[in-house]
Amino acid sequence: MTTRDPPVLTITQATNAIKHCIESSFPLIWLQGEISNFKMQSSGHLYFSLKDAKAQISAVMFRGDASSLKQIPKDGDNVIVRGEINVYPATGKYQILIRELRPVGLGELLQKLEELKIKLLKRGWFRPEHKKPIPKLPKIIGVVTSPTGAVIQDILNVLSRRFPGFRVIINPVKVQGEGAAQEIALAINQFNEHNLVDVMIIGRGGGSIEDLWAFNEEIVAEAIFNSRIPIISAVGHETDHCIADYVADIRAPTPSAAAEIVIAEKAQLLKHLKQSQSRIEQALLNLVRQDRHRLQGIKKQPLLLSPYALLGPSMQRLDDIRSDLDQIITQSIMKRRLTIDGRQRNLQSLKPTTQIAHFRQKLSYWDKSIRAAMLSKTTLLKKNLPEKAETLASAFRAKQDNRGRLLDELGKRKQLDQNENRFLKLRKERLESISAILHSIDPKNVLKKGYCILFSEKDNSVITSIQAVEMQQDIRLVLSNGELLSTIKEIIPK
Amino acid sequence: MNKENIEASKPELSFENAFVRLEEILEKMNSGSISLDDSLKLYEEADKLIATCSKRLNDAEKKIETLIKNRNGDLVLGADQKPVVQDFK
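Here the protein sequences come in this chain order: A and B. Under my numbering, the first residue of the first sequence is numbered 1, with each subsequent residue one higher. Under my numbering, the first residue of the second sequence is numbered 1001, with each subsequent residue one higher.
Hints in this document: simulated from the structure, not taken from any laboratory. Heads up, a few of these hints could be off.
Claimed, not checked - Calculated lysine-lysine pairs in the DSSO-like style (CA-CA distance at most 30 angstroms, straight line):
hint: 1; chain 1: A; residue 1: 383; chain 2: A; residue 2: 399
hint: 2; chain 1: B; residue 1: 1089; chain 2: A; residue 2: 131
hint: 3; chain 1: B; residue 1: 1069; chain 2: B; residue 2: 1089
hint: 4; chain 1: B; residue 1: 1048; chain 2: A; residue 2: 266
hint: 5; chain 1: A; residue 1: 39; chain 2: A; residue 2: 117
hint: 6; chain 1: B; residue 1: 1089; chain 2: A; residue 2: 388
hint: 7; chain 1: A; residue 1: 274; chain 2: B; residue 2: 1041
hint: 8; chain 1: B; residue 1: 1041; chain 2: B; residue 2: 1062
hint: 9; chain 1: A; residue 1: 132; chain 2: A; residue 2: 174
hint: 10; chain 1: A; residue 1: 132; chain 2: B; residue 2: 1041
hint: 11; chain 1: A; residue 1: 299; chain 2: B; residue 2: 1041
hint: 12; chain 1: A; residue 1: 266; chain 2: B; residue 2: 1089
hint: 13; chain 1: A; residue 1: 132; chain 2: B; residue 2: 1048
hint: 14; chain 1: B; residue 1: 1062; chain 2: B; residue 2: 1082
hint: 15; chain 1: A; residue 1: 271; chain 2: B; residue 2: 1028
hint: 16; chain 1: A; residue 1: 136; chain 2: B; residue 2: 1055
hint: 17; chain 1: B; residue 1: 1048; chain 2: A; residue 2: 136
hint: 18; chain 1: A; residue 1: 458; chain 2: B; residue 2: 1055
hint: 19; chain 1: A; residue 1: 132; chain 2: B; residue 2: 1028
hint: 20; chain 1: B; residue 1: 1082; chain 2: A; residue 2: 266
hint: 21; chain 1: B; residue 1: 1028; chain 2: B; residue 2: 1048
hint: 22; chain 1: A; residue 1: 117; chain 2: A; residue 2: 139
hint: 23; chain 1: A; residue 1: 266; chain 2: B; residue 2: 1041
hint: 24; chain 1: B; residue 1: 1063; chain 2: A; residue 2: 131
hint: 25; chain 1: A; residue 1: 112; chain 2: A; residue 2: 174
hint: 26; chain 1: B; residue 1: 1089; chain 2: A; residue 2: 139
hint: 27; chain 1: A; residue 1: 117; chain 2: A; residue 2: 131
hint: 28; chain 1: B; residue 1: 1063; chain 2: A; residue 2: 139
hint: 29; chain 1: A; residue 1: 136; chain 2: B; residue 2: 1089
hint: 30; chain 1: B; residue 1: 1028; chain 2: A; residue 2: 448
hint: 31; chain 1: B; residue 1: 1063; chain 2: A; residue 2: 174
Said to hold, decoys possible - According to the in silico footprint, chain B covers these stretches of chain A (three or more CB under 8 angstroms from chain B):
hint: 32; stretch: 241-251
hint: 33; stretch: 331-339
Note that the Cβ used here is the ideal one computed from N, Cα and C, for glycine as well.
In isolation and in its complexed conformation, chain A is listed as follows (with noise of 0.2 angstroms):
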């Protein structure tokens, strides 16, 4: 074989092949066609057929999007579906995997709603700057919706559960059908004429796109966008979107939730107090137990263990005051006390009477002093004379004697004197010449006459012989009216 043969590919290849080029073509895809062979699955999806007069398409939708349908579809029932093209190879079937069915007749409603929020937007209504904020505080609380409806309850219910007290204005609108839209608007327009609440809900439950259509009436959304009064839109479920939340201020996704955002600050604030309530409990709490502690950290002072520590040295010195106090009063007593005895004591004596009475005990004493003097002197004399005149006159006999041998011895001396006279005489000039004698041989005079004495220089003594000398001996010569000192020359022997 010289050519080469056609690449074949597996089935599966194909398919996938084919899958991909068809998938990725058709990623998003609306058709318009009428219901036929379905089939609810007990999972929840579901299985139809779309067709037209001579065209037929596989459908398929899961449970996740078959359940946010209102209602479920029905053989014959005209449908738009949104959709992309997917092919399941089991079968080698392309399907659509619908996201979105809508019965038709949806249609045109959908393209006036889209008409209406193109309008809107150009006309700036749906704008941030224009969105008031929601009062924090409203003290009454507007509502426009159907007074018979869920959503008045599933308010009442929130704001009951949340507070035991509040205020609630309703107006009580139609929220579907004919005329709905205008009553809806005129109730916004009274709350604001009549400046009934400071902030308002409007809404009603879910439904069909029909059902909540008169929240897509431009009228409404002129009526929001007028409101003086803050609006919250709680228009359906979650998942509804209608003109009257875009011009709205704030869009709840539930009534309830609409509730829970007009008390939200209350809350906020309520939980903020008793937050505050407690932080303020806790740091007072604090503070006590600090200072306790400081307290009891004080207590502990030994100062302040004792009531003595603090009072002792002043109540010990209040004690010495006292006893000093005392005794000093004690001693002034004693000292005036004394002097008081003083005082009587010499009051005592000086009374006439004791003086009186001493003065003749001292006269009576000296009076028997002098008799008893008297006495005893008189006596003594009177022993006394016999003796005296006995010595009187052997005295004068001794003198009268003594005076006869006077007179004799001095005629005995007269004669001794004589003889004593001559005696005197002699003797006076005996002692006149031996003292002339004496005179004459005194060596002083000798030396007068020109002789000198000798003596040694060496030792003082008196030279008498040549033998006492040597040569060149000193020598000194005594003069009677000096000293001469002079030195051995010669010795002349004789």
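Model the placement of chain B on the given structure of chain A, informed by the hints.
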């Protein structure tokens, strides 16, 4: 603001001011450099503020009313030209 309004607004702090004051008090009490006496005074003040604020938040009387309308959907007005309401049941 005329004189009357000033006097009327005096006794009660606004919520914002009350909350600011509460924060101040808390800060002071947590600073630790405050005497017990002062802290007790502050606590008292805070307690009063909290009580007043809570009262103002909780005291609203529960009142659920509904507006009365005539057949044309217009509000029925009372003698004082104010819309007439009735209790909602």
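* Asked: Quick one, are residue 1063(B) and residue 139(A) close enough, alpha carbons at most 30 angstroms?
  -> holds, 11 angstroms
* **30 angstroms Cα cutoff - pair residue 1089(B), residue 388(A)** => violated, 176 angstroms
* Asked: Would the pair residue 271(A) and residue 1028(B) pass a check requiring their Cα atoms to be no farther apart than 30 angstroms?
  -> holds, 21 angstroms
* For the pair supplied as a hint, residue 132(A) and residue 1048(B), is the alpha-carbon distance within the 30 angstroms limit? -> Violated, because 33 angstroms separates the two Cα atoms, which is more than 30 angstroms.
* To do: Please work out if residue 132(A) and residue 1028(B) have their alpha carbons no farther apart than 30 angstroms.
  => This hinted pair is violated, its Cα atoms lying about 37 angstroms apart.
* Does the structure keep residue 1041(B) and residue 1062(B) at a Cα separation of 30 angstroms or less? -> violated, 35 angstroms
* For the pair we were handed, residue 136(A) and residue 1089(B), check the Cα-Cα distance against 30 angstroms. => holds, 27 angstroms
* Asked: Can the restraint linking residue 1048(B) and residue 266(A) be considered satisfied, given a maximum Cα separation of 30 angstroms?
  -> holds, 18 angstroms
* Satisfaction of hint between residue 1055(B) and residue 458(A), Cα-Cα up to 30 angstroms -> violated, 152 angstroms
* Asked: If you draw a straight line from the CA of residue 266(A) to the CA of residue 1089(B), is it 30 angstroms or shorter?
  -> Since the Cα atoms of residue 266(A) and residue 1089(B) sit roughly 25 angstroms apart, the hinted pair holds (cutoff 30 angstroms).
* Asked: Between residue 299(A) and residue 1041(B), does the CA-CA distance stay at or below 30 angstroms?
  -> holds, 26 angstroms
* Hinted pair residue 1089(B) and residue 139(A), Cα distance within 30 angstroms -> holds, 20 angstroms
Violated hints, in rising order: 2, 5, 6, 8, 10, 13, 18, 19, 22, 30, 32, 33; the structure is consistent with all others.
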